[in-house]
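J.: Sequence:
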Amino acid sequence: MITETTAQPSSNEPKGEILLEQANQMLEDRNLSGAKNAYREILSEYNDIENIDTIQDKLEKVNMELIFSNSPSEDAVVHEVVSGDTLGELAKKYGTTIELIKKKNNLKSDVIRIGQKLTIWTGQFNIFVDKSQNILILKDDEEVLKVYNVSTGKNNSTPVGDFKITSKLIDPVWFNKGVIVPPESPANVLGSRWLGFDIPGYGIHGTVEPETIGQQVTAGCVRMRNTEVEELYSIIPTGTMVKIVD
1 MITETTAQPS SNEPKGEILL EQANQMLEDR NLSGAKNAYR EILSEYNDIE
51 NIDTIQDKLE KVNMELIFSN SPSEDAVVHE VVSGDTLGEL AKKYGTTIEL
101 IKKKNNLKSD VIRIGQKLTI WTGQFNIFVD KSQNILILKD DEEVLKVYNV
151 STGKNNSTPV GDFKITSKLI DPVWFNKGVI VPPESPANVL GSRWLGFDIP
201 GYGIHGTVEP ETIGQQVTAG CVRMRNTEVE ELYSIIPTGT MVKIVD
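For the sequence shown, position 230 matches number 230 in the working numbering, and the numbering has no gaps at all.
Misleading hints may appear alongside valid ones.
Said to hold, decoys possible - Each computed DSS-like pair below joins lysine-lysine, with the alpha-carbon atoms no more than 27 Å apart: (1) 61 to 177; (2) 102 to 58; (3) 164 to 139; (4) 58 to 103; (5) 146 to 15; (6) 15 to 58; (7) 117 to 93; (8) 92 to 58; (9) 146 to 93; (10) 243 to 139; (11) 131 to 243; (12) 154 to 131; (13) 139 to 103; (14) 131 to 146; (15) 108 to 168; (16) 108 to 131; (17) 92 to 177; (18) 164 to 92; (19) 146 to 168; (20) 154 to 177; (21) 168 to 92; (22) 139 to 102; (23) 168 to 93; (24) 61 to 15; (25) 92 to 139; (26) 58 to 177; (27) 243 to 146; (28) 164 to 108; (29) 164 to 61; (30) 61 to 103.
Treat the hints as calculated values from the structure; they're not laboratory data.
Please model the entire structure based on the sequences and the hints provided.
T.: Written out as structure tokens, the structure reads:
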């Protein structure tokens, strides 16, 4: 719900257009939470508004900025560092990642000091993959945060069901039928990141063939653009649930 006092719409301008103007102004003023709520209301109540797809894009960008920035959010807390705290322990305590804590607080190293105040994400991420649409949806509980275009398995080879992220690798080695393909090789189809499921051989990864995104062409894994899987990797902790449907 928007808390700002706003002008009432005139009889000559639709309420949805007025709300969009207000949302854009809040975004310009860096009131990210207010802009998010306004864009969500537009998509929910005024989805016949012109250029609705651009509003969805704006909402997704605001959602991700709220995750990565230290702007106030209902899904973040401020933690004051005490003796014995480490980024690893804080990431485990709050169910997040070291990388996200560092990005959210603009930390250049893993060193933190007593009394330092850190903004830490506390939302509960989960992932939904729709094979028929070749999309991956990042969610916070039931709220859609961002939709990514992906590739899934040819011949229906991507498994359906509920899975868990159990491993994470940067610049993964690809083991292809007994052959070790190093990260720097153009033949390494895994791209820049690996998010492994709790079933051997399956997971979410990057690509060396971005032109294939949106197609059913993989050996069974979920394939993303490298920049996008890197974004996902930085915020998704091990233990994150993944649901895949046909």
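J.: Decide if the proposed pair is consistent with the structure: residue 164 and residue 108, CA atoms, cutoff 27 Å inclusive.
T.: violated (30 Å)
J.: Measure nothing beyond the straight line between the CA atoms of residue 108 and residue 168; if it is 27 Å or shorter, mark the hint as holding.
T.: Holds: residue 108 and residue 168 sit about 22 Å apart, inside 27 Å.
J.: Quick one, are residue 243 and residue 146 close enough, alpha carbons at most 27 Å?
T.: Measuring from Cα to Cα gives roughly 15 Å; hence the hint holds.
J.: If you draw a straight line from the CA of residue 243 to the CA of residue 139, is it 27 Å or shorter?
T.: With a Cα-Cα distance of about 11 Å, the restraint between residue 243 and residue 139 holds, given a limit of 27 Å.
J.: Measure nothing beyond the straight line between the CA atoms of residue 117 and residue 93; if it is 27 Å or shorter, mark the hint as holding.
T.: Roughly 16 Å separates the two Cα atoms, so the pair holds.
J.: Tell me if the straight-line CA distance from residue 58 to residue 177 falls inside 27 Å.
T.: violated (43 Å)
J.: Take the C-alpha atoms of residue 168 and residue 93, compute the straight-line distance between them, and say whether it is at most 27 Å.
T.: Between residue 168 and residue 93 the Cα gap is close to 19 Å, so the pair holds against 27 Å.
J.: Compare the distance between the alpha carbons of residue 168 and residue 92 with 27 Å, and conclude whether the hinted pair is satisfied.
T.: Holds. Residue 168 to residue 92 sits at ~15 Å (cutoff 27 Å).
J.: Tell me if the straight-line CA distance from residue 164 to residue 139 falls inside 27 Å.
T.: Distance of about 15 Å is within 27 Å: holds.
J.: With the threshold set at 27 Å, check whether the alpha-carbon distance from residue 15 to residue 58 stays at or below it.
T.: holds (19 Å)
J.: Below or equal to 27 Å on CA atoms is what counts here, so check residue 92 against residue 139.
T.: holds (20 Å)
J.: Sort out whether residue 15 lies within 27 Å of residue 146, counting only the CA atoms.
T.: Roughly 26 Å between the alpha carbons, so the hint for residue 146 and residue 15 holds.
Violated hints for the displayed structure, listed by number in ascending order: 1, 8, 16, 17, 26, 28.
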